[in-house]
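If you read the sequences in order, they're chains A and B. For the first sequence, counting from 1, position 251 maps to 256 in our numbering; every step adds exactly one. For the second sequence, counting from 1, position 103 maps to 1115 in our numbering; every step adds exactly one.
Don't read these hints as lab results, they were simulated from the structure. Take the hints with a grain of salt, since some may be wrong.
Quick list of in silico lysine-lysine cross-link-like pairs, PhoX-like style, CA-CA up to 20 Å [unchecked claim]:
# : chain 1 : residue 1 : chain 2 : residue 2
1 : B       : LYS1104   : A       : LYS11
2 : B       : LYS1269   : A       : LYS11
3 : B       : LYS1167   : A       : LYS282
4 : A       : LYS57     : A       : LYS253
The calculated label-pair distances, taken between Cβ atoms and stated as ranges, are [to be verified]:
# : chain 1 : residue 1 : chain 2 : residue 2 : range
5 : B       : GLN1186   : A       : LYS11     : 16 to 26 Å
6 : B       : ARG1268   : A       : TYR153    : 51 to 61 Å
7 : A       : GLN189    : B       : LEU1263   : 49 to 59 Å
Heads up, the beta-carbon is just placed ideally off N, CA and C, and yes, glycines get one too.
The chain contents come next:
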Amino acid sequence: MSWTIKHCLRLSPLILPYLVLFCGGVFLTVCQSFGILTPLPHEGGALDAYAKLLADPAFFASFFFSLGVAAVSALLAVITGTILAYRVWQLPRQLATASLVYKIPLILPHISVAFVILIFWSPSGIVASVAHWLGVIQTLHDFPNLLYSGWGIGMILAYTLKGTPFSMLLVMALLFRFDVRQIQTATMLGASGLRIFFTIVLPRLAPALHTGFIILFLYSFGAFDIPYVLSESRPGMLSIHVYNLYFKHDLARRPEAMAILVIMFCFAVLFIIAYSKIVNRLESGVRKL
Amino acid sequence: MKHAATFLVLILLFALPVVVLALVSLAPGWRFPDVWPADFSIKGLIYLAQHQRQILMSLGSSCLFSLLTVLTTLLMCLLPAAVFARSNFSGKALLEGLLLAPALVPPMTFAMGLHFLFIKFSLADTLAGVVLILAMFSYPYMFRSLVAGFQTMGKDYRLCAENLGAGTMSILLQVELPLLMPAVIAGGSVVFLVAFSEYFLVFLIGGGSVDSFTGTLFPLLNSSNRSLAAILTLIFLCLPIVLFLVIDTILVQAYRKKGMI
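In isolation and in its complexed conformation, chain B is listed as follows:
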């Protein structure tokens, strides 16, 4: 009985919105006072098919800059995370606090100042500019995750590889990175989600020339035809889930091949 109550709350809060979105996407004319849609139509789906190209383009563009953001944050954080996990130096706690700040302070505060710089260096309205700004405020998640990953891994693997004569690069790429994969995935999924769902920063720095899924969805939210917005929101929900499942499967297979699990 106690568990049933917990479940009811979970479902009302988190699953019901999805059910309602699915209904709205099939019933554009669902209005007060109907508790259940009076009639269903596939107008939303037809519209989706008509604007297929534009929607797929923006979806692709969003995926591209989000994945590039994950890659950028990984490159930025890999070596520094190793330093933070393995050595103590004076001012480490302060530096760590400072480095986590971009995820806490409102991103507008530095992004709008940077906009000026990006215009000067013609980074505004480019993919590179969007990736840089997204990486700048999402890297703390990758950083935290990698530091934890390095700490769990310990120093032994590295020492062992060093004793066997491996160079710095081959230790990093062949020994440490495969072992760090769970941490990379954990940090990377958060960075991906943050980048994928951001509206304002992409709009500010991308200025309309970098397509984004949020940018396509936004004007539809307040339009009279809600079903298209509902369909796009459902796509929003499914795409990351599919992506995570694919990555998970690929990784499990890769580890099996190497005999690690």
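Only chain A is shown next, with the shape it has when bound in the complex:
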């Protein structure tokens, strides 16, 4: 018994703030989505906000748009990050130090990464200038309007730039513990570079790829900073939608903002559970070396 109490006491510095701030915060969000504890007394039923959202095609458009931007950018970041990490790992030792430049976007805040994307990809940006110099385009208007195309390309570029070094970091941590003899053996047995990468290296990196994908996907799905700089109005990201409802509309619409947050929260939790279940099932059939 005393053992349990001692453990609970030692865990309390983390458990107490967790219960009060995290669980409490989510609880208050849920409450306000039902119209309880809102700044203005809520008139109408508890599920009004949800009914309104679910009947609104703009909400679904925004939901699937966020999903798409998050999925594409996380996928691109994980793929680029893995390939780059593998190539950097193969660099000779003297060059490895120079490859530390990949950590730059890790340090830059999200809004600065968005700024970099603006400088490069806006219609009058660096890429357009270089294209003009190369003779690919003649005037400013020939350059495709990537940032405001309605496809979220600007945000995808920004999230990919920010996410690539992150997945490189995760993959690199696994690669440094990787047994090079496995690759040497495969080379001696005549395996090609691609075959080595896909059948020997990639399966070992799977945990880092899954972790990286979950973190990047959920972050891009719910974050605010980058969409706020690079946002397109319609369909916007969910976080921008919530921000507008929370700060720019009148207080009576507070439950709606909170209902979107509750749906985002439930989606994130379900996604984590479903993803880890699927990965577990897939990997249970794989032979471990």
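Once you've looked at the hints, dock chain B against the given chain A.
Chain B alone, transformed into the frame defined by chain A:
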């Protein structure tokens, strides 16, 4: 040749933006179709000097709440991490999963609910409120790092100190914490970066009365004079690097003094 390609991609993706930012900061009027800025000016730097006070204040404030966040997460995670690294109990995996959740779910979902609570307890618009909210969603990085640190350290040092008659507190402070320093630094740097670069949560809970560097930078991003935003972004890049180098040097010297390396 193969390595050259790798390097080219690395430089194009990650180093070129910094070079371009440096150019933009010295050439406010750089426009299409110039591939290289037509003329340079130090207007951005002059503006920087004029608004020196405000920028330094926000930089200081950002550093302060980020360091306090690191300290808070360390205090929150130190003892629980020891429990997680050293003992097995039923439901441990589930508890660990639950405890890592704040870093995964969108922080808006609990921060906006908490905003209400913080207003009620007058924590909104205060430094303490900002530190609490930042600690709440960045502590998982510190926690993971400390658990790994405790696992690498093992139980032997603790047993040895116990046998020699050291109390719980002195074991923690004199034996374990110095040995854990690499893990603290690793977790702390991630927490620092996360807190230092956050815009929205500081804006929501700080409400403008807590200065932040991101808050100063934000309105400049879409302004016509891009050079100031570029200069501030470069400061953003340099400050954490300088900070990490300083901490690294101090630590190496401290360890040398104790004869640990």
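Now for the hints, and whether the structure bears them out:
1. LYS1104/B x LYS11/A: Measuring from Cα to Cα gives roughly 16 Å; hence the hint holds.
2. LYS1269/B x LYS11/A: violated (36 Å)
3. LYS1167/B x LYS282/A: Violated, because 34 Å separates the two Cα atoms, which is more than 20 Å.
4. LYS57/A x LYS253/A: At roughly 18 Å apart (the allowed maximum being 20 Å), LYS253/A and LYS57/A satisfy the hint.
5. GLN1186/B x LYS11/A: 16 to 26 Å: Holds - the Cβ-Cβ distance for GLN1186/B and LYS11/A, about 21 Å, lies within 16 to 26 Å.
6. ARG1268/B x TYR153/A: 51 to 61 Å: Between ARG1268/B and TYR153/A, where Cβ atoms are some 56 Å apart, the hint holds.
7. GLN189/A x LEU1263/B: 49 to 59 Å: Cβ of GLN189/A to Cβ of LEU1263/B: about 37 Å, so the range 49 to 59 Å is violated.
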